[in-house]
Amino acid sequence: MRLLPVLVRLAWRYLWRNHRRTIIMLSAISVGVWAMIFMTALTRGMVDQMIKDGVSVLPGHVQVHHPLFLDDPSVSNRITIGDAELARAFDTAGFKAWASRVKVPAVIASERESRGVTLLGIDPAAEREFSFVSYDDVEGRFLEGADDNGIVIGRELASKLETEVGKRVVLMSQDPENEIADRGFRVVGLFKANMPAFEESYVFIGKQAAQKMLRIGDTTTEIVFLADDYRNIEPTFKQVSARVDSSLEVSRWYEVDTYLGTMLKVMDGFVLIWVIVIFLALSFGLVNTLVMAVFERVREIGLMLALGMKPASILGQIIIESMLLLAVGLAIGDLLAWATIQPLQGGIDISAVAEGMEMMGASSVLYPKLYLSDMIRANVVVLILGFLASLSPAWRASRYEPVEAITKVG
Amino acid sequence: MNIVLRLAWRNLWRHSKRTWLTIGAMVFSNVLLVFMISIQFGMYGLMIDNTLQVFTGHMQIQAPGYKDDQKMRQTVPDIVPLASKLREAFQTDTIAARGWAFGLASSEERSYGIGIFGVEPTFEPHVSSIPGLIKDGRYLRDNDATEIVLGAVLARNLRVTTGDELTLLGSGRDGSFAAAVLVVVGIFESGVADIDRNFAEMPLQSFQDIFYMDGAGHQVVISATTLDEAELLRPGIVAALPLDSDLVVHDWDTLLPGLKQAIQADMGSAFFMYGILVILVAFSVLNTQLMSVLERTHEFGIVMSLGLKPGRLGRLVMLETAMMGLIGFVLGAIAGALFTSWFTVNGLSIPGMEEMAANFNLPARVYPQVTPWTMVAGPLVVFLFTLLAALYPALRLHRLHPVEAMRAN
Amino acid sequence: MTAVRCVDLCKTYRQGDQDIKALDHVSIEIQQGGFVCLSAPSGGGKTTLLNAIGGLDIPDSGEVWIADQRIDEMSKGELADLRLASIGFVFQAYNLIPVLTAQENVEFVMQVQGIPAASRREKSLAILEEVGLKGLESRRPAEMSGGQQQRVAVARAIVSRPALVLADEPTANLDSKTSDELMALFTELNEHHNTTFVIATHDQRVMGYAKRLVRMLDGRIVDDIEQHAA
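Listed in order, the protein sequences are those of chains Z, Y and X. For the first sequence, this note's numbering gives the first residue as 1, with consecutive numbering after it. For the second sequence, this note's numbering gives the first residue as 1001, with consecutive numbering after it. For the third sequence, this note's numbering gives the first residue as 2001, with consecutive numbering after it.
For reference, chain Z alone in the conformation it holds in the complex (with noise of 0.2 Å):
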């Protein structure tokens, strides 16, 4: 350790000694680095906004339901606790947000044609924080409470059934008896979503006009809990779990919704096996760099050997050499992936292939998203695999005997 200062020297300016070669080592450090980490913000940013509209529309982080809901989404198999009673459980617990809801899935017909959608019956007030409709860019007006009797739509929607914001559309569901349950409902407004899918699949009316119509007195279907960070819903959702009643199910939001579930753990994955891919294919460089400087150093190692310097601080000295390199590189890179994100966090349009990519549940502008972890990961990674892949030059370096390294013919 105490001969730490030396070797640094040492190993920095051998590393300059050669410039040519350790700039381009560089340059491909700096390249495979920058493309570690635009790569990782790129699909950060993706599954971000996937996530951000997904969870949007489930919505809520924590969900409760009865535990045939998901797969029979029907009134019969709705949650039956009053919402008296439900807001006496939740109101004072201290959750973010919280809102309970019917859902069921209904066909909405104009004068003209019919669409099956999914009927939203919310207490706009609740929604408000968690919605993925912003009520204000709403032509027309958004619901003003849960009594509401008008229903908002989706432009998309509004488009297809040829209606407008004044105008009547029949929607029908089943009530808990299977009777058919239909109502007239003015439209008095239509709102706009990140995906036009969204637009086109979801309505919004009063909660209690969905329950009036629906006959189901005060109940719902659907209890949605936001908790601070879609990453970080245990807390919330043990809150949860501790106090509804154990005939219903709570399910986190990637149980919800496996594929976004998935997406998340596959691009995590992905991310990592996409930095490791860069680090070996610039690990052959790296140790060619390290087994070229050794190699023309030979004699100068065997020379600090034979003033007493020991194989520990050679070996030392070539790792540092590597750390050194790697680190500049590093830096570089971060640098110009800083550099290159920042003036696109404003989105990346990619609009030319928008069907494609809300086939995947993304939406057609791209937010990069350069999360310090993912570089600190990126350069942790970088940083250890290359301690690893310099060992063996280093051992080698260390290994020779002085006097065969001095008298090397070179």
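It cannot be assumed that every hint is accurate.
What the hints assert, rightly or not - Calculated lysine-lysine pairs in the BS3-like style (CA-CA distance at most 27 Å, straight line):
hint	chain 1	residue 1	chain 2	residue 2
1	Y	Lys-1017	Z	Lys-167
2	Z	Lys-52	Z	Lys-167
3	Y	Lys-1071	Z	Lys-192
To be verified - So, partial list: chain Z residues that the calculated Cβ filter (under 7 Å) puts toward chain Y:
hint	residue
4	Ala-28
5	Pro-105
6	Ala-109
7	Arg-115
8	Gln-174
9	Asn-178
10	Ala-281
11	Leu-282
12	Gly-285
In case anyone wonders, no lab produced these hints; they're calculated from the structure. Yeah, the Cβ is synthetic: ideal placement off N, Cα and C, and Gly gets one too.
We have chain Z; now place chains Y and X onto it with these hints.
What follows is chains Y and X alone, placed relative to chain Z:
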């Protein structure tokens, strides 16, 4: 062996470790490229085939605007005679007419909104995989029977089995109320939850009666054996349309822009990754060849003073690079093909991929196919970039002065 | 006091398919303060003997003693410590670490020894002045002449006042004037600090400075004469 070749070959092995490490970088990248390209293009083919054969077919004749709006009254008039005329004209069974509507299906216990196709029972099996996926009961038989087949999840949710009755409610072509009672005769299971949950099929003639279609339908589906064949069929189809109609012919990629774009988006990110790998190899080669040229400065000085032109030395360096690149190419392509072949036999499944795969009509386990093209495409690009990377060290030789060069080292 | 004692050293190298006896039953004893020249034609075994004394090369058989320590049975680490503490080396060429300046090269050994920076600096500047390199402290080897480089090497070898300095052809790359200056420096160190010098050379001029001249041939000592410096 030619003396220049022999010289280049020997030079290559002066630092055998360095040469092998450089070749190693090439082989590593080549194996990855062969593997990934084999999987990638195999998957694209599967994605297209599997998706098109569910409902879409390779081409559809529709009313203008129907593709985007799917409104009931955007119809193809006299659709059955049109389909039959086309079948005759092209001597094929793989053309079928369809109608399509939304409705509320109600059983004893449940009601759900569904999408329902009116199909020609005789010809639908030639354009769609659904009739072949009946797992319970049978497919539709008579064109005017009031029967229906539905997806397995839908049947489960509606709590019906074959023999049960369903009430269908919807709006007809003119917006009027449409209702019918249909008998469930079959249940299909495609394995794709979306399809099994949301769709049903009934005979076209009954469909036309119930929804007041007046002989019209919404789409004539045309299937071909391959994408290329579909491409060839197209002009004939267009020419065969009634002269006075404004009907349009849509290819699969306009019908399902998402599919093509998903492929494009995936290709985009894949090519980015391939590009990075290739660039990293190029850096490796540049490094090695530049070192190799620099350490021979003295030697080059001597031969230049003997009268050898820098251009010839440059060619020597390029020849060395080409030899190294060729070894990397051959080893990489072979190793890549072997590596990939292992998965061709055993299949590759990424844990948790099922959901993603199902979204694109893909099986959970993929069997990449090595073709000559997937085997050499990647390595070839690596080889070209290898040569490109060696240009700088080779051209550098032109700046060498014999006397100064000899003084080096 | 005995500075170096070699007993019955043997060392055989294989070169091609021939065995070369570099040391063939060599015994020699050198007193503290000695100034010994080993002279032999190329391949005569002088470098091998020098390396054996310095612990750089382990003989096949025999004993090597430095002061009262037997070194041929020491571990590599112990040998490194011994060289660091009590032996200075001057090699024929490639003497300096090319990426370090003259001063840093001189300080190198002290740094490995763990001598504090201030003291290192003081000693290295003093010794560089003593060998006549004042003003060249921050030059790198490539910016100095062969003679200057060799003087830096000498400065490094003697800066921590080792009891024993081993030099292998120290004048091989020097002109006669520089050679004389170097030898004068060695002589002075030998006389003032009682440093023992063992110099392998076939330079007649160097031999002239030696107090004791040992001639070798085919790995054996053939002649061992005390002489008075010229």
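Identify every previously stated hint that the structure contradicts and give their numbers, smallest first. Failing hints, ascending: 1, 2.
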